[in-house]
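Protein chains: 2
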Amino acid sequence: MDIVLLGSGNVATHFGKALFDAGHRVVQVYSRTKAQAIVLADALNARAIDDLEAIDLAADLYLIAVTDGAIGQVAAQLPAALNGIVAHTAGSVDMAVLIPHAQKYGVIYPVQTFSIAKPVDFSSVPLALEASDEATYAQLTQLVDPLSTQIFSCDSRQRLALHVAAVFASNFTNHLYAIGADILRKHALDFDLIRPLILETAQKVMAFSPREVQTGPAIRHDVGTMQKHLELLKEGHQGLVALYQQLSEQIYSN
Amino acid sequence: MDIVLLGSGNVATHFGKALFDAGHRVVQVYSRTKAQAIVLADALNARAIDDLEAIDLAADLYLIAVTDGAIGQVAAQLPAALNGIVAHTAGSVDMAVLIPHAQKYGVIYPVQTFSIAKPVDFSSVPLALEASDEATYAQLTQLVDPLSTQIFSCDSRQRLALHVAAVFASNFTNHLYAIGADILRKHALDFDLIRPLILETAQKVMAFSPREVQTGPAIRHDVGTMQKHLELLKEGHQGLVALYQQLSEQIYSN
Ligand SMILES: NC(=O)c1ccc[n+]([C@@H]2O[C@H](COP(=O)([O-])OP(=O)(O)OC[C@H]3O[C@@H](n4cnc5c(N)ncnc54)[C@H](OP(=O)(O)O)[C@@H]3O)[C@@H](O)[C@H]2O)c1
Ligand SMILES: NC(=O)c1ccc[n+]([C@@H]2O[C@H](COP(=O)([O-])OP(=O)(O)OC[C@H]3O[C@@H](n4cnc5c(N)ncnc54)[C@H](OP(=O)(O)O)[C@@H]3O)[C@@H](O)[C@H]2O)c1
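Residue numbers (the working numbering), protein chains in the order written: chain A, 1 to 254; chain B, 255 to 508.
FYI, nobody ran anything at the bench for these hints, they're computed from the structure. Fair warning: this is a prediction, and the values are worked out from it, not measured in the lab. Just so you know, not all the hints are guaranteed correct.
To be verified - Far from chain A, some chain B residues (derived; all Cβ distances over 12 Å):
| # | residue |
| --- | --- |
| 1 | 278 |
| 2 | 279 |
| 3 | 286 |
| 4 | 309 |
| 5 | 378 |
| 6 | 381 |
| 7 | 388 |
| 8 | 399 |
| 9 | 456 |
To be verified - Sample of chain A residues facing chain B (criterion: CB under 10 Å; computed from the structure):
| # | residue |
| --- | --- |
| 10 | 21 |
| 11 | 22 |
| 12 | 94 |
| 13 | 95 |
| 14 | 112 |
| 15 | 142 |
| 16 | 173 |
| 17 | 182 |
| 18 | 200 |
| 19 | 205 |
| 20 | 222 |
| 21 | 248 |
| 22 | 254 |
Stated by the list, open to error - Restraint ranges, calculated between C-beta atoms of paired labels, are given here:
| # | chain 1 | residue 1 | chain 2 | residue 2 | range |
| --- | --- | --- | --- | --- | --- |
| 23 | B | 287 | A | 124 | 37 to 45 Å |
| 24 | A | 241 | B | 287 | 37 to 45 Å |
| 25 | B | 403 | A | 227 | 32 to 40 Å |
By construction, the Cβ of each residue, glycine as well, lies at the ideal position given by its N, Cα and C atoms.
Model the full assembly from the supplied sequences, consistent with the hints where possible.
The following block contains the structure:
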């Protein structure tokens, strides 16, 4: 199929390469900055454009992978004459933002964290699909089928919940890693010391459910240890005391 | 060297096997329950005992791997005539609990999460060492040198900090995974959908520092998305609202 990519950031880059590798044709890459568009377009054997007036009108899919807040704007600038599907890739943006701007529209939300620098095995990335109608849904499915082994249907409400779950399990988790690193640094210890633990903790829940493998002083109701931890935090990490208590209480009472 | 293992739980099991595999001789395994001691003793070609009176007096190391609160008790029951080193394996127990009960004592704290069911590559487990005196420290180092590639010196205060860091980066992290699973379940979505994301999030900090790779609405100061997330949480997950806000504010202001 012929695809126009709108955006040249993390998702556009990884998604674009996966589409290209799957044998789809990426005809154009749009970015507000021509130089940005060129970098990705070159890798995908596509044309770089920085003007939406120049957009190819005959593509099958217009994939909008721009900042959440700009999705509506970009969609609004698309020519009315398009026959292809207009889809965005966001977790927390309702599909409805596309209604005024397209006949056939949808969402393809990749449940993974992307950064341009780090390669990702796209075939293991779950793809949440939603579409304006059944025919469009079927077309989107066909399109992404060669890209991933985990494709599933998900309405806008479920997708929002999925994104919230991802924030807890990924963004907030990464922040807890950062807290660990801060505490270690303050005591002249290297972050390397907990790297194997971090990896093992993630690997454990690949096979088990998180509640089954919960460990630590809170789940053991080990008040003595929690007290020692709170005293240490009160001395040098006052800002973490409330968080330690809140998380421990939640674990404790579950 | 000859080792007596006191305890037959998670750490005793993994540590015992690593010692055995490294060519050390585990002479006895003690547990209050004979049946428990036998399971591990058999695997290590050792003798099972359930009475501390029967302890081998000539061992080089008495490794106390029991519940934190019982370490002092177990140490107190050891015969006074021992020449070997008495050491415990806990993160949050001061080495000083061993002073009244031994001439030579120390701590070997493995910075990893162990469960009997899941094998662990012990050679990548960082081992935090502390000892009563230099000669004992040297002996402990020699003893664990074949077990792990990451052995380091760590006083009781640093070890406590290390354990607190581990609680944030492992126990609390696992709780965030559980929260993710809860949110998904409530919206009829499978935990499998965020498993690749969880693994990638951990793998990212193997090479980068957590602050460098922080993503999500909070770090982007994306108030609109955070608002949508909070509304969803207020409807079905009231207990998570405060936690979402607290973590977002910490990320936001860092
Ligand atoms: N990163 C992830 O891990 C991830 C995962 C799943 C879903 N998503 C979703 O994927 C989408 C893109 O995210 P991303 O991480 O790829 O973002 P990104 O790397 O920050 O890239 C954002 C893109 O949006 C463009 N852009 C920003 N403001 C614009 C505007 N007003 N008009 C037109 N273009 C604009 C930028 O292009 P310029 O060069 O023109 O500035 C850039 O190409 C978002 O909806 C996001 O929620 C992201
Ligand atoms: N699990 C980890 O991931 C981990 C990591 C690093 C360090 N540690 C430390 O390693 C030590 C052992 O932890 P673990 O996870 O192996 O614990 P565990 O699996 O719960 O095993 C606890 C052991 O303690 C014994 N025990 C409990 N109360 C006792 C008492 N009053 N007198 C004598 N023995 C008693 C139990 O033996 P019975 O059969 O006699 O009940 C059992 O063998 C703790 O200090 C812990 O902080 C654990």
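For this session: Go through the numbered hints given earlier and state which of them the structure violates, listing their numbers in rising order.
Result: 5, 6, 9, 10, 11, 13 and 15
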